[in-house]
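Student: Let the hints inform the model, and build the full structure from the sequences given.
2 protein chains.
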Amino acid sequence: MADKKNDFIADIDTDFAQWYTDVVIKAQLIDYTDIKGCLAIRAYGYAIWENIQKELDARFKDTGHENVYMPLLIPESLLQKEKDHVKGFAPEVAWVTHGGNDLLEERMCIRPTSETLFCSMYSKWVKSWRDLPMLYNQWCSVMRWEKTTRPFLRSREFLWQEGHTLHLTEEEAQRETLMILDIYADFCENFLAIPVLKGKKTEKEKFPGARATYSLETLMHDSVALQIATTHDFSQNFSKAFKIEYLSDKGVLENPYQTSWGISTRSIGAIIMVHGDNNGLVIPPKIAPTQIVIVPIAQQKAMVLEEAGKVFKRLKDIGLRVKLDDRDNFSTGYKFSDWEMKGVPIRLEIGPKDIESHKVVVARRDTGEKMDVPMEALEVEIVKIMDASQQFLFDKALKHKEERTSFALTMDELQAQIKSKLGYVKAMWCGESVCEDKVKEITEATARCIPFEQEHLSNQCVCCGKEAKHLVYWAKAY
Amino acid sequence: MADKKNDFIADIDTDFAQWYTDVVIKAQLIDYTDIKGCLAIRAYGYAIWENIQKELDARFKDTGHENVYMPLLIPESLLQKEKDHVKGFAPEVAWVTHGGNDLLEERMCIRPTSETLFCSMYSKWVKSWRDLPMLYNQWCSVMRWEKTTRPFLRSREFLWQEGHTLHLTEEEAQRETLMILDIYADFCENFLAIPVLKGKKTEKEKFPGARATYSLETLMHDSVALQIATTHDFSQNFSKAFKIEYLSDKGVLENPYQTSWGISTRSIGAIIMVHGDNNGLVIPPKIAPTQIVIVPIAQQKAMVLEEAGKVFKRLKDIGLRVKLDDRDNFSTGYKFSDWEMKGVPIRLEIGPKDIESHKVVVARRDTGEKMDVPMEALEVEIVKIMDASQQFLFDKALKHKEERTSFALTMDELQAQIKSKLGYVKAMWCGESVCEDKVKEITEATARCIPFEQEHLSNQCVCCGKEAKHLVYWAKAY
Chain Z
1 MADKKNDFIA DIDTDFAQWY TDVVIKAQLI DYTDIKGCLA IRAYGYAIWE
51 NIQKELDARF KDTGHENVYM PLLIPESLLQ KEKDHVKGFA PEVAWVTHGG
101 NDLLEERMCI RPTSETLFCS MYSKWVKSWR DLPMLYNQWC SVMRWEKTTR
151 PFLRSREFLW QEGHTLHLTE EEAQRETLMI LDIYADFCEN FLAIPVLKGK
201 KTEKEKFPGA RATYSLETLM HDSVALQIAT THDFSQNFSK AFKIEYLSDK
251 GVLENPYQTS WGISTRSIGA IIMVHGDNNG LVIPPKIAPT QIVIVPIAQQ
301 KAMVLEEAGK VFKRLKDIGL RVKLDDRDNF STGYKFSDWE MKGVPIRLEI
351 GPKDIESHKV VVARRDTGEK MDVPMEALEV EIVKIMDASQ QFLFDKALKH
401 KEERTSFALT MDELQAQIKS KLGYVKAMWC GESVCEDKVK EITEATARCI
451 PFEQEHLSNQ CVCCGKEAKH LVYWAKAY
Chain S
1 MADKKNDFIA DIDTDFAQWY TDVVIKAQLI DYTDIKGCLA IRAYGYAIWE
51 NIQKELDARF KDTGHENVYM PLLIPESLLQ KEKDHVKGFA PEVAWVTHGG
101 NDLLEERMCI RPTSETLFCS MYSKWVKSWR DLPMLYNQWC SVMRWEKTTR
151 PFLRSREFLW QEGHTLHLTE EEAQRETLMI LDIYADFCEN FLAIPVLKGK
201 KTEKEKFPGA RATYSLETLM HDSVALQIAT THDFSQNFSK AFKIEYLSDK
251 GVLENPYQTS WGISTRSIGA IIMVHGDNNG LVIPPKIAPT QIVIVPIAQQ
301 KAMVLEEAGK VFKRLKDIGL RVKLDDRDNF STGYKFSDWE MKGVPIRLEI
351 GPKDIESHKV VVARRDTGEK MDVPMEALEV EIVKIMDASQ QFLFDKALKH
401 KEERTSFALT MDELQAQIKS KLGYVKAMWC GESVCEDKVK EITEATARCI
451 PFEQEHLSNQ CVCCGKEAKH LVYWAKAY
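So the sequence lines, in the order shown, correspond to chains Z and S. Just so you know, we're using our numbering here: the first sequence kicks off at 1 and counts up by one. Just so you know, we're using our numbering here: the second sequence kicks off at 1 and counts up by one.
Careful, some of the hints might be misleading.
[To be verified] Taking lysine to any residue and the SDA-like style, the derived pairs with C-alpha atoms no more than 25 Å apart in a straight line are: (1) S/K316 to S/N278; (2) Z/K61 to S/N51; (3) S/K54 to Z/E369; (4) S/K206 to Z/G100; (5) Z/K323 to Z/E369; (6) S/K310 to Z/D62; (7) S/K438 to S/A477.
By construction, these hints were calculated from the structure, which means they are not laboratory data.
Tutor: Here it is as structure tokens:
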């Protein structure tokens, strides 16, 4: 599907940024509003988010987490309680100063994240070791006053979930951050068909206030990296700052260990940028709001709409998300490119000739293949094709990631490979932030993560030549 | 269940306000935060909201509505576009004046409701008559800078859904407002077990900017009324102010007709205040986060936990929301009152004697009845008991409403009946707001609605004695 057939969107390989903006608008995922940096998520985009929510929420609940809802506003004094945290977030929050006509005694910010709110409640709710663990999550919007905006990737307001948990021991908290990272990874790979790189963030890139941040890194079509989800191990940093204390089984007051973790509407940006092509969006079947669209051919002719309706019912009855496009004011060609733009995984055509020969024509969005499917095997074949498409998209993205991962032993190599847009470049690192800064300055690439699966390329830091501590994946990132 | 057994909460008939606050805190539905007027919805309270969302969302989607997400912030100039609307909401919004360290060029309010945002997008999205109807909804939080706070009933921030639709004709818009009102009514009566009164708001009580507002009124245990849901018919008021125009099938530019409608976390307040008793919360089975709690008796004895586990699995397997309380650090008595406080519809006890006689003991939260259920009939009997409990709660609330509804022909009667806390008082009204104001001044009761089911009590307005136009339900309200 590399052929460019669609004139409504920029070419994906010539101008990826424009292609992306064109696709999110033309596929009606999102739209710009009168409010700078804030976007409206349209019905089709929100339906993807609902599928993401449904899948993840079930997994969080299966692992013992419950949902709550904390206030939208954080008083300035509360934000200031953890010193690294306030330093990280205060410069980019929106401040509420007036309620109605009255000036507030203390200004409040719209939550950029809710650690401080959870901590203030936890300090009331935790009393005994029997109250632990506390495993809460919330689905909400957050606000960060960014200067630049890109739909789904960077906007002042975005939707996400934020998990916040308290544990008896450091080990248990650490296990939680890794268990949730596994849930995210499984979800990304098996639902979004996006291969992930699992690792730990460097000190410089970690969350303000965390002891350690773990992340999932993904690689987009243009070989730029995108962090799709993170989990944070706070140790006792927040629980000490907020005086969260419990009476242990030995009768001693202790501070619990804490985590937080999140994934956002950014993940929709990743779906677009990993799978999309010159005809628009390509959505993996498992996450697609519409999995199959039925386009009747010559629908004014006898039996066509009736038979299309039967096919619709058969597929709906086995739980598939299916649409029948019987609009009479658009040509078949228009309908085809409309649903291609929207990335619907399977198009099913049925016309007089198909009815005569007891078959339908099935077109795959991912490969562009067209095939006949006998009417009696409809359900079985469609499910097979959807599975194949899901797998195809993952394999394709994995191949892309592998092709776009290289390694460097010297700064010259690192610079050259980043410059030639080679995606991830693996290189050894001494662990000092001065080298991390220098790599960024020279190559514009950041340390995406210290991957859990370490390799040994050499004994020397790619930058300073001193003893290497870790292998790092470097890349330019969104 | 009028017997007061629980010392942790105030008596429901002596001090209803304190009883309410005690219950929401002790049942862990909600908690106060450091932020005045903003509350934290705890896991148990949020689980009720999730059930409400799930039920209503399915009904909205079945009737063709899709979810979207609009920005949280509204620029002041946008809020000002519809004159009645801004007059109604501007005095009670929270204003954002700074982003990071910068003063904003134009201040923005946190949405108190999103008509203006939907309108600004609709003016971009609607082009042709073929684009109509537009049927959108969003689930979000909104903020209104209230002076006084009561959990779920009145708080600065609350959660709700707001539907916003556009239609070709006035009749179609009107049909939408009534169809949605029916959805809300069916949901309230059949899921929340709360009988509703359907009617139209007076001019004075209608939504700022609406042509007509329809509402569902409910009556609490203390015989004070609560408006649980509203739908608004905007006619072309907003579409003209926001220049939403489409090309009709005759090639003429026209303004569509518009509606909006919403139900909020207030409905949780109604559940509490309609069904609760002196032992705490009573939740109707269909909406209960936990429908059945299994409390093992003498759980340290052989077989007890094993058999309790089997019962748990059998009930879970037929799709019921069931919990097994095998905590070993609380007495059976403590567990009983804990789950009673939380209003779990059915408690199931199983101990060595029950195991011996192949039965369980079932206690109903609504009536307090206890009965033996043979093990082999478990699933069938539990489902029957849940249905009976759902019906019992509705019937009880309906009886209360009927007992607390009277009528008045004179102002003296109206005043006397409102004063003696008689709930709804029906009385005739001339339709003039001067009489509506006078009734409120004298009795503190407001016109709850002009009910769809009109009755003829007399020809004269209860206040001025002039010709009556409508029968009105008057009541004090939350």
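Student: All the hints need checking, so say for each whether the structure fits it.
Tutor: Do the hints match the structure? See the list:
1. S/K316 to S/N278: violated, 30 Å
2. Z/K61 to S/N51: Within the cut-off at roughly 14 Å; holds.
3. S/K54 to Z/E369: Violated, at roughly 38 Å.
4. S/K206 to Z/G100: Between S/K206 and Z/G100 the Cα gap is close to 21 Å, so the pair holds against 25 Å.
5. Z/K323 to Z/E369: Holds: Z/K323 and Z/E369 sit about 20 Å apart, inside 25 Å.
6. S/K310 to Z/D62: Cα-Cα ~20 Å, so holds.
7. S/K438 to S/A477: It holds: about 16 Å lies between the C-alpha atoms, which stays within 25 Å.
In the structure shown, a violation is registered for the earlier hints numbered 1 and 3, in ascending order.
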